[in-house]
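A.B. asks: First to last, the sequence lines map onto chains A and B. Under the working numbering, the first sequence is numbered contiguously, ending at residue 501. Under the working numbering, the second sequence is numbered contiguously, ending at residue 384.
Wrong hints could be hidden among the right ones.
Claimed, not checked - Straight-line Cα separation of at most 30 Å, DSSO-like style, residue types lysine-lysine; simulated pairs:
id, chain 1, residue 1, chain 2, residue 2
1, A, Lys49, A, Lys76
2, B, Lys147, A, Lys339
3, A, Lys178, A, Lys49
4, A, Lys49, B, Lys290
5, A, Lys98, A, Lys76
6, B, Lys147, A, Lys49
7, A, Lys98, A, Lys178
8, A, Lys275, B, Lys290
9, A, Lys422, A, Lys412
10, A, Lys338, B, Lys290
Said to hold, decoys possible - Label-pair ranges, simulated between beta-carbon atoms:
id, chain 1, residue 1, chain 2, residue 2, range
11, A, Ala405, B, Ala170, 50 to 56 Å
12, B, Glu181, A, Arg152, 58 to 64 Å
13, A, Pro404, B, Asp286, 56 to 62 Å
14, B, Ala372, A, Asp364, 36 to 42 Å
15, B, Glu181, A, Arg32, 33 to 39 Å
16, B, Arg143, A, Glu238, 31 to 37 Å
As the list claims (entries may be wrong) - What the simulated footprint calls covered on chain A by chain B, stretch by stretch (three residues with Cβ under 8 Å from a Cβ of chain B suffice, anywhere in the stretch; the number is not a length):
id, segment
17, 97-106
18, 251-262
19, 376-390
Read the hints as simulated data drawn from the structure, not as lab findings. This one's a predicted model, so the numbers in the text were calculated from it and none came from an experiment. The beta carbon of each residue, even a glycine, is placed where N, CA and C say it ideally should be.
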Amino acid sequence: MFETLSDRFESVIGRLRSKGKLTEADVDDALREIRVALLEADVNITVVKNFIGRVRERALGEELSKALNPGQQIVKIVNDELTATLGGETIRITYNSKPPTVVLMAGLQGSGKTTNSAKLARWFKSQGRHPLLVGADLQRPAAVEQLRTLGRQIEVPVFSADTDPVQVAAAGIAEARKTGRDVVIVDTAGRLAIDAELMDEVRRISDAVNPNYTFLVIDAMTGQDAVTTAESFHAALELDGVILTKLDGDARGGAALSVKEVVGRPIAFTSTGEKLRDFDLFHPDRLAGRILGMGDMLTLIEKAEEVFEKDEAEAAAAKMFEGQFTFEDFLDQMQQLKKMGPLSGVLGMMPGIPKEVKNAQIDDREIDRVEAIIRSMTPAERIDPDLIDQSRRVRIANGSGSDPARVGELIKQFKEMSKMMKRMGGMGSKKISKSRRKATKGKSKGPGGRTTGGGRTAPNTKAPLRLPNLDPTSFGMPGTKPDLGLPGLPDLGSGGGFPPR
Amino acid sequence: MELLIVLLLVVLILGVGVSVVVTRRRAGMLEPPSILDETVAAEPLSILDEIVAVEPVETASEVETASEVEAESEVETESEVETVEKPRFRDRLSKARSAFSGSMGSIAGRSRIDEQTWDELEEALILADVGVGAAQDLLEHLRSRVKADGLTTGDELLDALKRELKERLAGFDRTLVYSPEAGPSVWLFVGVNGVGKTTTIGKLGAREQAEGHSVLMAAGDTFRAAAAEQLGMWAERSGALLVRGNEGGDPSAVIFDGVEAASARGIDLVLADTAGRLHTKVNLMDELRKVRRVADKGDGTVTEVLLVLDATTGQNGLIQARQFTEAVELTGVVLTKLDGSAKGGIVIAIHEQLGIPVKLVGLGEGIDDLVAFDPDEFVEALFS
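Construct all of the structure, not just a fragment, from the sequences and the given hints.
C.D. replies: So this is what it looks like as structure tokens:
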């Protein structure tokens, strides 16, 4: 998501950045393009007008004239305003001292309430809570059945009855008290904001269960109407936040920008895939960076943490630098990587990945094909690909349903990659040892401003890797933050650093 | 194969990244590790059994019969549907027109056309999800018309805009195609998640039954929990037959079965449901291509491939239409949920840029709330 928006912003901003001096016309040109980009991303037109107005005022006001680098300053203003528009901080869920904590889900038809009720329940479960799902959507055929099926998948009990939605919701709370569930998620039927009767019904449900959190579920692909919907639901229910769904498409997510601005409630959670675990807290501050094309390394790493075994990942990286990375290791890492969801999503969050790569249609099954080829190798071949001659290549191709040329290509690529990595690793240790020599002289600091700690046993071979900037709110390009940027990983060395080469 | 390079890079960066964060966290507060839900990943891939081996007639007997074809009498009479159709469209639309007609209303009373008028008109169009590009294009044409015809008042301007819109929407064939001579006609419903595919099939099935066709519904959404149950309830209401497979099964097989069953029983219309899928998912779009191919393989013929589009959809709707038509060659659009406050202006761009007409409009949750699209009514109601 947000790709196209960020593309547009990048080009506009890139032009501004390079300019030493900005005229009013420059600013207006840029703002016109930003306006169109926002409108094409389905940001509400009123929100766009206000946004552009604020940026223009600040840009042409004193801030700009005082700034040393006006282009950079505009970028900063846009980022500030974008972050403000998106809604500041991540929502913090607090729990009722007297359980259960009640969550009410509301929204239009087809926005994803039922699926996201289950996803939310799974999230609460991962937080160590004991949720109960209450199916109060008695309108759509088989909605309760859907909730029950999802409940079974995540092993969360589902309560419903064939009475009326208000009674079911109230009975659900009683059921939770009785069975000791500490979080109740009430799924309601989809309704149009202009349907007075149904809006009254959901108000009565809300009165009956007295929710701690009322979430509006909104489809990321929603157009200008998102604001009307959010306003009506907010008027009826006093929303606490929004759950933005279907963010895994290429919708530009303008609804996210609009809703916060208009109803003053943040996006609390986002749903980014068909699997029930593709759901998480929303970090507004990180999103601004993503829209402006700076990646979202924090989210990525959190995701990675969930699936990657830390030691294994580290060991794999170390092996790679040493040139000892085998197909076997590669296969292991691939398994972890697959758990993180579609590759395009992962790449989207990485800063500094060339646009061509990012935009290339990545077919995730390609990974499976690579995997199949590797799995068709014998253990010995995986460790030493040089063993693979023409006849083995044919055998592997037959085993994996590909052709020998592809097998050959894969092996060649892999070897080249390994060599490159090794060179990078080698360069790193040379550089480090050089700086270490300096450091031991007691004059200079290690690369990155911190001392590398003289005679430590584990110099950081990762140093030459341009690790992207981990602070998405900062505007620098990858590597400018001294503590995490390019050569700045020395504090790793003390932990699980790599052996010296 | 640059994929490999990308993959390695990703592994590398993540490997380094994770260790950085973990090391730093270890120093400070340690968050509880979140547990990976393996149950989801390990969803059983149940396979529809006995599809290939069994004769078509026998397959049909295995099929769940929601109710017999003869149950047509249960359905509301067709004349009702016909007569209420037209006024209903405008009625329902005008209920939600406030926002749009508000800004249009202020333009209507004007005695002259100035820059502000143009700005407001653009704003109103954008607010209706027509899109910046399409709105600007429309207004450009309108400007030359205003000049050429010497229009001066707001009313004349709005009339010209209406005419322009109607012209652009006119000239499409919006009939739903049957070809009874080539076995059962198959109408395939596709779209992203939550747009109302299953509901549309339910309503359309009732309508077609009422008009004297025999209908079979094929529950090709094998992914979403309880989707087949949902369709089953619609089938029961309308007296159509239902063919379903296992959850997680192959949708192509279910639909193929449906077509074979229809053919064996002399049913002339198969309404084929598919799982909602985002147009960006390569594998799911491939799956859909296969569904389309396989549906044509048996005795039936695919005569309609309809994209179901939620009227609240913004500019992404155009991209959806483009991707879906690339994959399965759409023959039309069903615009659902138009009874809300959303205007569905994106269909103008879909007409213009892709030449795909809207054929049906969903105006509510009732079984007869699906009506034929009428461009004049659509535009007129947009401005009333």
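A.B. asks: Would you mind marking each hint as holding or not holding in the structure?
C.D. replies: How the hints compare with the structure:
no.: 1; hint: Lys49(A) x Lys76(A); result: holds (19 Å)
no.: 2; hint: Lys147(B) x Lys339(A); result: violated (61 Å)
no.: 3; hint: Lys178(A) x Lys49(A); result: violated (52 Å)
no.: 4; hint: Lys49(A) x Lys290(B); result: violated (45 Å)
no.: 5; hint: Lys98(A) x Lys76(A); result: violated (45 Å)
no.: 6; hint: Lys147(B) x Lys49(A); result: holds (29 Å)
no.: 7; hint: Lys98(A) x Lys178(A); result: holds (13 Å)
no.: 8; hint: Lys275(A) x Lys290(B); result: holds (23 Å)
no.: 9; hint: Lys422(A) x Lys412(A); result: holds (15 Å)
no.: 10; hint: Lys338(A) x Lys290(B); result: holds (25 Å)
no.: 11; hint: Ala405(A) x Ala170(B): 50 to 56 Å; result: holds (54 Å)
no.: 12; hint: Glu181(B) x Arg152(A): 58 to 64 Å; result: violated (47 Å)
no.: 13; hint: Pro404(A) x Asp286(B): 56 to 62 Å; result: violated (25 Å)
no.: 14; hint: Ala372(B) x Asp364(A): 36 to 42 Å; result: holds (40 Å)
no.: 15; hint: Glu181(B) x Arg32(A): 33 to 39 Å; result: violated (57 Å)
no.: 16; hint: Arg143(B) x Glu238(A): 31 to 37 Å; result: violated (45 Å)
no.: 17; hint: 97-106; result: violated (count 0)
no.: 18; hint: 251-262; result: holds (count 4)
no.: 19; hint: 376-390; result: violated (count 0)
The structure is inconsistent with the numbered hints 2, 3, 4, 5, 12, 13, 15, 16, 17 and 19, although it conforms to all the rest.
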